[in-house]
Amino acid sequence: MSRFVVRSERLAARKVGGEMVLLSADDSSLLLLNEVGTVVWEAADGRTSLDAIADRVCAEYEVDAATARRDVEEFVAALAAAGMVTTVSQGTGDEPAA
Amino acid sequence: MTGPLMDVVRDRAFAGRVPLAVHFDLTYRCNERCVHCYLDHEDHGEMSTREVEDILDQLAESGTLFLTLSGGELLLRKDFYEILAYARRLRFDVKIKTNAILIREADAARIRDLGVRQIQISVYSHRAEVHDGITKVSGSLERTINAIRFLRANGLQVMVANVLMRQNAMDYEGVRTLATELGAEYTIDPTITPKMDGNTSTLAYRMPTTQVLHVFRDRSLVGEDFCRPASPEENRSDAILDGLPCSAGHIACYITPYGDVYPCVQFPLPSGNLRQQRFDDVWHHSPQLNEVRGIRVRDLATCPSCDHVSTCTRCPGLAYMEGNMRGPSSADCEKSQLRASLAASQGH
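Sequences listed follow chains H and G, in order.
Add 6 to the 1-based position in the first sequence for my numbering, that's all there is to it.
Add 935 to the 1-based position in the second sequence for my numbering, that's all there is to it.
Some hints could be false.
[Stated by the list, open to error] Not the full set, but computed from the structure, chain G residues with beta-carbon under 10 Å of chain H:
#1 Leu-940
#2 Val-953
#3 Arg-1023
#4 Ala-1096
#5 Val-1098
#6 Ala-1236
Simulated from the structure, these hints should not be mistaken for lab results.
We put the beta carbon where it would ideally sit given N, CA and C, even for glycine.
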């Protein structure tokens, strides 16, 4: 079953120097994502499935599908543990065209 | 914000000339009449909701992360929450500066729900007669304190900003204690600036030397290194002399309620207007901002040969208001000299 990633509304986010900066309104914690993390964050719109996000990483970087899937899963789990995203089983709308 | 990660973000912003931090005053209207205020509170045609939102779109596109919304008293704008919600949808990190006297319990919950990270609130004294005497509004301290309680009860981070001047300089310990009791952070600001139109009447409220020295002696307030004397080697080092006077115009700027862009709220150098120009055009091509960006410490008129150059907190905006953005800021010169005299008296 597909899962979808929804960004927390409690975060500020901006790309600075090509990489995403996240800042929590609740505890002022600051997180800098690397290039791949930035791709995942930007794709985490609640409509794009985790599988599709992994496909996007796979297409943009020289990494095989299984590795991309595992890395994306781990990264999203870490963000979820920090309260920065949630994963849901229902997307919030139509999946955007790739 | 400070810390190693923040340093990385700032370095990237400097390298890419990103307007990382923008202070946006939504109105100059105010419901207090603070004696030292530098603003003209008449509304000379502040921007509409749509104009403000268009500018926020442009700032987000340009890379602004830190957005300070202030005034005047910004809660006087009927569209304040609409603008705030719009800013948060664009994922700005929002800090609000307010006197808070319009903030009731429901407002505090709304501000929390919209994801504001910090609210900075001016408190001049823990004594109503002193605070209300500065704001010229009877009951203002009580209302401000009530608002802080509402905000804290909603888990919001509150910073009590204690502007020090002649009338309240000796009350800072009381305000700091009050802030602690309320669960708020505390900061002092000893800077009293001329009015934006150049009128210097407000400077009469600056603390006299004896009061400044009293504050500077309190290390719990100013930090252990505050009176550290500068070494001659530091003062002549390239790191200091090739350094930037401050971040104004480099990664930060200020926008007035009328769309004027300045390098900083304390540096009222007209650099463009967002009713006539796109923000990116002003930010990247304003001759005034580019002039500010070109200034290094070694270009300043008298500072490079000063014994305090490496530790001075010279404000280019105050220097500009004194007539020369490359000149000294006399208030900061005085502070440096007082710090040096304290360092000498403490045996440094």
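Hints versus structure:
The beta carbon of Leu-940(G) is positioned within 10 Å of a beta carbon in chain H (closest approach about 5 Å), and the interface hint is therefore held. With a cut of 10 Å, the hint placing Val-953(G) at the interface with chain H holds, because the nearest CB-to-CB distance is about 6 Å. For Arg-1023(G), the shortest C-beta to C-beta distance to chain H is roughly 8 Å, which falls under 10 Å, so the interface hint holds. With a cut of 10 Å, the hint placing Ala-1096(G) at the interface with chain H is violated, because the nearest CB-to-CB distance is about 17 Å.
The criterion of a C-beta within 10 Å of any C-beta in chain H is not met by Val-1098(G), whose closest approach is roughly 23 Å, and the hint is violated. The criterion of a C-beta within 10 Å of any C-beta in chain H is not met by Ala-1236(G), whose closest approach is roughly 34 Å, and the hint is violated.
In this structure, the earlier hints numbered 4, 5, 6 are contradicted, and the remaining ones agree with it.
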